[in-house]
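Colleague: Each chain, written out:
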Amino acid sequence: MPTPTERMLALIAGELALDATTLQPDTALDDIADSLDWAALVTAIEREFGLQLAPEQGLALRRVADLLDLVREPVLVCA
Amino acid sequence: MSALERVVVTGVGLATPLGGSLAEFSAALFAGGARFEVLESAHAGPLPAARVSEDAQAGLGRTALKVSDRHGQLALLAARRALAMAGLIDEPALRAPAGTYIGSGSGPTEASHHAYQELFTTGGMHGLSLLRCLPSGAAAMTALHFGLRGPNQTQAAACASSALALGEAVRAIRHGYLPLAVAGGAEAPFGGGTLHAWHGLRVLAAPGEDPGRACRPFDRQRRGLVLGEGAALFVLEAESHARARGATVLAVIEGFGASCDAHHWTEPCAEGQLQAMRAALDDARLAPRDVHAVNAHGTGTVAGDEVEAESLSRLFGAPASAPWVHASKSAHGHLLGASGAIELATVIACLHAGRLPPNRNLEQPDGAPLRLVRDEPVPLRADGAPAAVMLSNSFAFGGANACLVVSGARSPVSPTSTGTASRS
Numbered sequence: 012m013p014t015p016t017e018r019m020l021a022l023i024a025g026e027l028a029l030d031a032t033t034l035q036p037d038t039a040l041d042d043i044a045d046s047l048d049w050a051a052l053v054t055a056i057e058r059e060f061g062l063q064l065a066p067e068q069g070l071a072l073r074r075v076a077d078l079l080d081l082v083r084e085p086v087l088v089c090a
Numbered sequence: 011m012s013a014l015e016r017v018v019v020t021g022v023g024l025a026t027p028l029g030g031s032l033a034e035f036s037a038a039l040f041a042g043g044a045r046f047e048v049l050e051s052a053h054a055g056p057l058p059a060a061r062v063s064e065d066a067q068a069g070l071g072r073t074a075l076k077v078s079d080r081h082g083q084l085a086l087l088a089a090r091r092a093l094a095m096a097g098l099i100d101e102p103a104l105r106a107p108a109g110t111y112i113g114s115g116s117g118p119t120e121a122s123h124h125a126y127q128e129l130f131t132t133g134g135m136h137g138l139s140l141l142r143c144l145p146s147g148a149a150a151m152t153a154l155h156f157g158l159r160g161p162n163q164t165q166a167a168a169c170a171s172s173a174l175a176l177g178e179a180v181r182a183i184r185h186g187y188l189p190l191a192v193a194g195g196a197e198a199p200f201g202g203g204t205l206h207a208w209h210g211l212r213v214l215a216a217p218g219e220d221p222g223r224a225c226r227p228f229d230r231q232r233r234g235l236v237l238g239e240g241a242a243l244f245v246l247e248a249e250s251h252a253r254a255r256g257a258t259v260l261a262v263i264e265g266f267g268a269s270c271d272a273h274h275w276t277e278p279c280a281e282g283q284l285q286a287m288r289a290a291l292d293d294a295r296l297a298p299r300d301v302h303a304v305n306a307h308g309t310g311t312v313a314g315d316e317v318e319a320e321s322l323s324r325l326f327g328a329p330a331s332a333p334w335v336h337a338s339k340s341a342h343g344h345l346l347g348a349s350g351a352i353e354l355a356t357v358i359a360c361l362h363a364g365r366l367p368p369n370r371n372l373e374q375p376d377g378a379p380l381r382l383v384r385d386e387p388v389p390l391r392a393d394g395a396p397a398a399v400m401l402s403n404s405f406a407f408g409g410a411n412a413c414l415v416v417s418g419a420r421s422p423v424s425p426t427s428t429g430t431a432s433r434s
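In order, the protein sequence lines correspond to chains P and W.
With the first sequence counted from 1, adding 11 to any position gets you this note's numbering.
With the second sequence counted from 1, adding 10 to any position gets you this note's numbering.
Please keep in mind that the hints were generated in silico from the structure rather than gathered at the bench.
What you were told as hints is all true, and nothing was included just to trick you.
Sample of chain P residues facing chain W (criterion: CB under 8 Å; computed from the structure): (1) A28; (2) L47; (3) A51.
Here are a few chain W residues that sit away from chain P, every Cβ distance over 10 Å (derived from the structure): (4) P107; (5) Y126; (6) A166; (7) R212; (8) P298.
Since this is a predicted model, take the numbers as computed values, not measurements.
Built from N, CA and C at the ideal position, the CB exists for glycine as well.
Using the sequences provided together with the hints, build the complete structure.
Modeller: Okay, here's the thing in structure tokens:
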């Protein structure tokens, strides 16, 4: 079963008609998505992962890594 | 009094069941019309339909594809061809002042159907659904793609939409608001919900054994209309502007008239139709006797053809002295909001050929007092003179009526204040 990270990469690639293997954590979202792409991408992310992104959250998303952080499961650290 | 501009057609762009160029369109028209097919719809059963066979998405960029519906894609294809024919595709500065006037009765039916289907089944819809479902999408996309910075208008008046769009563009150019415009119509009505809605009105013809024989304007066996899709866009210009840049003039829009029946949602009214036709002739400064042929609205419905026959016979008199009547929807389908536009292409094709094709499927005329073209093509003018005048009707649900008067590129028809008979 694909991990949340894999699902997010596949979703970005699908919405933007890109090859998922070309997406790097540091890839700037402005370089791969225009304003119309962004509207579609945010809606798709919210629907796929059951999220609700506030406008200020959206503004803070600048790189692919920021999108991956939305769905990356926290690592449990045992004290 | 300042002189009003004469409005000419310098480009014709098509994406229709009869083809994508004026030459292809004309050849198919005179060869007997388009191949109709049977559409299997989920809720309306098998329906005859006239479709565009070419790929409307070919060559479209990602942005255009992600925000467009089929009706916008067809419009874009037609606009490109019209601008190319007018010699403006490589002239962004020359075409920048153009207005965009597009008529569509249903707009983005496929995108709307898909968006609402997604909403009702999943609880959500694609983030760009609003843009995809814009009724003004075709006009927006055309202007955006070709850098047309004049007024951008969408006319939605059912089957009169594109005739009204053309007429308003003519008025804007004639009165000096614009030097040129891209105007016409686009319709892609085969979204599932739209088909179901049309089926509910009980005005669609059944496919029968041959869907190509289902649309039968003015025939005794007529049983309804056949839906079609497509786009027809034209470059309209002030004649002075066209001549100054050496453009080829393809036709002249002599007049435009419009009215509303204010009578019934679906039942046509001869008085309203007469008002529109007389207004168009007055606008063209012509009399009924100056008209050589009519491209009737002629949908093939029982009531529609009967009322139009009445209005035509009241305007033009007895068949022996009346203009020829041709109804082209049996050849290309009823393109609804785009019907006025595709029928302007029909008119231009006939004017250029100097003749009219026979009415397809007119095997048993219903006895209406009309001079209908049957069996063989007929010359537009008995005297063989090259220029002729045609009238094109578009009558809509809701009562909107629109009429265009069109002449060939060099029309010798003069105002008939002298009472001189012009039709020969």
